Amino acid sequence: MDLFEYQGKQYFARYGIAVSAGGVALTVDEAVAQAELAKYPVVIKAQVQVGGRGKAGGIKLANNADEVRLHAKNILGMDIKGHIVKRVWVEHASDIAEEYYASFTLDRSAKRHLLMLSAQGGVEIEHVAVVDPTAIVKLHVNPVEGLSLDAAKRAVVDARISEKAQDGVAAMLLKLYECFTKGDCDLAEINPLILKPTGEVHALDAKVTLDANAAFRHPEWDEYRETEELDEREKLAREKNLQYIGLDGSVGIIANGAGLAMSTLDVVNQVGGKAANFLDIGGGANAELMTAALEVINSDTKVKSIFINIFGGITRGDEVAKGIVEAMKRVKLRAPIVIRLDGTNATEGRAIIAAAGIAESQLISRSTMLEAARSAVEIAGKK
Amino acid sequence: MAIFVNEKTKVLVQGLTGGQGRFHGLRNRDYGTQVVAGVTPGKAGQDVEGIPVFDTVESAVAATGATASFIAVPPKAAPAAILEAARAGIGFVVCITEGVPAQDEARVFATLQRDFPKTRLLGPNCPGIISPGKCNIGITAGEIAALPTAKGPNVGIVSRSGTLTYQALYELKQRNIGVSTCVGIGGDPVPGTSFVDCLAEFQSDPETHAIIMIGEIGGTAEEEAAEFIMTHVTKPMSAYIAGVTAPAGKKMGHAGAIVSGGKGTAQGKMDALKSAGVKVGLNPTEACELMAQIIASM
Numbered sequence: 214m215d216l217f218e219y220q221g222k223q224y225f226a227r228y229g230i231a232v233s234a235g236g237v238a239l240t241v242d243e244a245v246a247q248a249e250l251a252k253y254p255v256v257i258k259a260q261v262q263v264g265g266r267g268k269a270g271g272i273k274l275a276n277n278a279d280e281v282r283l284h285a286k287n288i289l290g291m292d293i294k295g296h297i298v299k300r301v302w303v304e305h306a307s308d309i310a311e312e313y314y315a316s317f318t319l320d321r322s323a324k325r326h327l328l329m330l331s332a333q334g335g336v337e338i339e340h341v342a343v344v345d346p347t348a349i350v351k352l353h354v355n356p357v358e359g360l361s362l363d364a365a366k367r368a369v370v371d372a373r374i375s376e377k378a379q380d381g382v383a384a385m386l387l388k389l390y391e392c393f394t395k396g397d398c399d400l401a402e403i404n405p406l407i408l409k410p411t412g413e414v415h416a417l418d419a420k421v422t423l424d425a426n427a428a429f430r431h432p433e434w435d436e437y438r439e440t441e442e443l444d445e446r447e448k449l450a451r452e453k454n455l456q457y458i459g460l461d462g463s464v465g466i467i468a469n470g471a472g473l474a475m476s477t478l479d480v481v482n483q484v485g486g487k488a489a490n491f492l493d494i495g496g497g498a499n500a501e502l503m504t505a506a507l508e509v510i511n512s513d514t515k516v517k518s519i520f521i522n523i524f525g526g527i528t529r530g531d532e533v534a535k536g537i538v539e540a541m542k543r544v545k546l547r548a549p550i551v552i553r554l555d556g557t558n559a560t561e562g563r564a565i566i567a568a569a570g571i572a573e574s575q576l577i578s579r580s581t582m583l584e585a586a587r588s589a590v591e592i593a594g595k596k
Numbered sequence: 007m008a009i010f011v012n013e014k015t016k017v018l019v020q021g022l023t024g025g026q027g028r029f030h031g032l033r034n035r036d037y038g039t040q041v042v043a044g045v046t047p048g049k050a051g052q053d054v055e056g057i058p059v060f061d062t063v064e065s066a067v068a069a070t071g072a073t074a075s076f077i078a079v080p081p082k083a084a085p086a087a088i089l090e091a092a093r094a095g096i097g098f099v100v101c102i103t104e105g106v107p108a109q110d111e112a113r114v115f116a117t118l119q120r121d122f123p124k125t126r127l128l129g130p131n132c133p134g135i136i137s138p139g140k141c142n143i144g145i146t147a148g149e150i151a152a153l154p155t156a157k158g159p160n161v162g163i164v165s166r167s168g169t170l171t172y173q174a175l176y177e178l179k180q181r182n183i184g185v186s187t188c189v190g191i192g193g194d195p196v197p198g199t200s201f202v203d204c205l206a207e208f209q210s211d212p213e214t215h216a217i218i219m220i221g222e223i224g225g226t227a228e229e230e231a232a233e234f235i236m237t238h239v240t241k242p243m244s245a246y247i248a249g250v251t252a253p254a255g256k257k258m259g260h261a262g263a264i265v266s267g268g269k270g271t272a273q274g275k276m277d278a279l280k281s282a283g284v285k286v287g288l289n290p291t292e293a294c295e296l297m298a299q300i301i302a303s304m
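In order, the protein sequence lines correspond to chains A and B. Quick note on numbering: the first sequence equals residues 214 to 596 in the numbering used here. Quick note on numbering: the second sequence equals residues 7 to 304 in the numbering used here.
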């Protein structure tokens, strides 16, 4: 789950990381009120989960209420790379002496935490990695031992952070590490991490991705759910507890298992079509689940055919077939179904579908993944 | 032979009295697996259809001589369950639990590495392992796996995805190709057992003559496998990578399946495997057809 900058800063503040005084605003009036609280001059920042806000005009400095009004009016509703700005963050403008970069992630290959630190902040770290890879210090941290102050200090020296900022940055790294681990982040990134002329070290931006699997021990995350940017189909799927990702093709997909669902997308693409979604119905593909899945797919007006790809392991083919027949009675579908049923009790399942007497124009059964994909794509029309 | 588990493996089930543990534990026993004990704190003295239940892994091991553990407990309890099994001296732990936080997985892995190097963890969030005809731990339906033949050639399977593992087992069975062992390593960010671990075992297993590998987008495990294959694997291989069409920045069901910052793409993984001499199919069926050709030429 990706957080907006303002949420990331509030999350950082929980772990004692210094951030600017500020507040979030949904309207121009609210922005002015937040500016008064934060004290002028203030920076007004578009809250979108995409890079390049500054270049798009989504970050502006304001010295008084009139300027706040002008900029907030322009920024709210702005389209930044397809993301519409619904909120702005208004914070007291900081004087900047130097800009650094710091982040923690999990290095899956090393199975260790990874600190990345650079004295070159405020620009894309991917850019630094290409232009001057030696400017980024990478330090692996053993998840059991954690990050020691000594190790943090060494990293700071290695990254050639100015001497006057070294203690402050090292202390900041310990706090960021705590936020990353105790806060169950997949990513905790500060860019830029700034040194003020007064000598304080301060997080000027926040990029935080939370691990959804850890939500059970973070009741404070509930509020982030409300601001998640999901399309209508994804919202409906979440209500029904389905693993769904909206895409932009015309073949609706239902499969059991994440791997098989991904593979179904691939096969549809291979035969010249394009999937409308990823949907993993999971293990128990009964009538309830199948009805819910078909309702979600049916809400997508771009869908011209529905490819149900089920491999029976523990999920039995006859139960899946019953589920589909029952679901088709409950949902009036706008597109025909092509089903491929294989594995445990597939023969019985196919017999149940045949016996249900559903017209070929509504339901076609195919024996392999590839054949089913071809039929589904044929009905939907090529991409 | 077979890898990791065989007819001598004695399995205890942590969470045997729960819904999942009971269902799969009994299925594993029905398959012929030696399921010797269950562990649920506070339920010592009870039994599940004749399988005795103990309070701790330690007491279960002492009473039954269990050598492997099958963990089917909720995500909150899984990290402690894994470490309890390791502390009791269990050598092979299979954890099917889905939804364990990545930070917990990283800590558990590092703890095993430091304090219990003799314990191998498979998973979390994996379908388990089956050595057909000998031992089945996890959620795989045993009947879709073909038995290995004495003369061979037999195939070893290693996969990050559950249903695609079943698909591969099923397709091989339809082609009458025997399977030595099929390992599902799971789709999480920090799997206890990697592709490389399994490839190394298959390479030295005399009963395995060829290997199928099924990967997916995200991470660099397939690229590391390709590097290992180039230098250490002489047995012929075919592979499939799921997620060619997956959009960047979206987790495709599994916590570990995500293309981010241009890394972890299916194409990159397929290219790496091809240059290591692996025959790569564009879908699971094609990968199994390629394997059938390999087997026919042996």
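Note that these hints are calculated values from the structure, not bench results. These figures come from a predicted structure and were not determined experimentally. Check each hint, because a few of them may be wrong.
[Claimed, not checked] Calculated lysine-lysine pairs in the DSS-like style (CA-CA distance at most 27 Å, straight line):
no., chain 1, residue 1, chain 2, residue 2
1, A, Lys453, A, Lys409
2, B, Lys269, A, Lys453
3, B, Lys16, A, Lys420
4, A, Lys420, B, Lys124
5, A, Lys268, B, Lys82
6, A, Lys517, A, Lys545
7, A, Lys324, B, Lys157
8, A, Lys294, B, Lys49
9, A, Lys517, A, Lys542
10, B, Lys257, A, Lys517
11, A, Lys366, A, Lys377
Structure-based check of each hint:
no.	hint	in the structure
1	A:Lys453 - A:Lys409	violated, 49 Å
2	B:Lys269 - A:Lys453	violated, 32 Å
3	B:Lys16 - A:Lys420	violated, 47 Å
4	A:Lys420 - B:Lys124	violated, 39 Å
5	A:Lys268 - B:Lys82	violated, 44 Å
6	A:Lys517 - A:Lys545	holds, 14 Å
7	A:Lys324 - B:Lys157	violated, 39 Å
8	A:Lys294 - B:Lys49	violated, 57 Å
9	A:Lys517 - A:Lys542	holds, 19 Å
10	B:Lys257 - A:Lys517	holds, 25 Å
11	A:Lys366 - A:Lys377	holds, 13 Å
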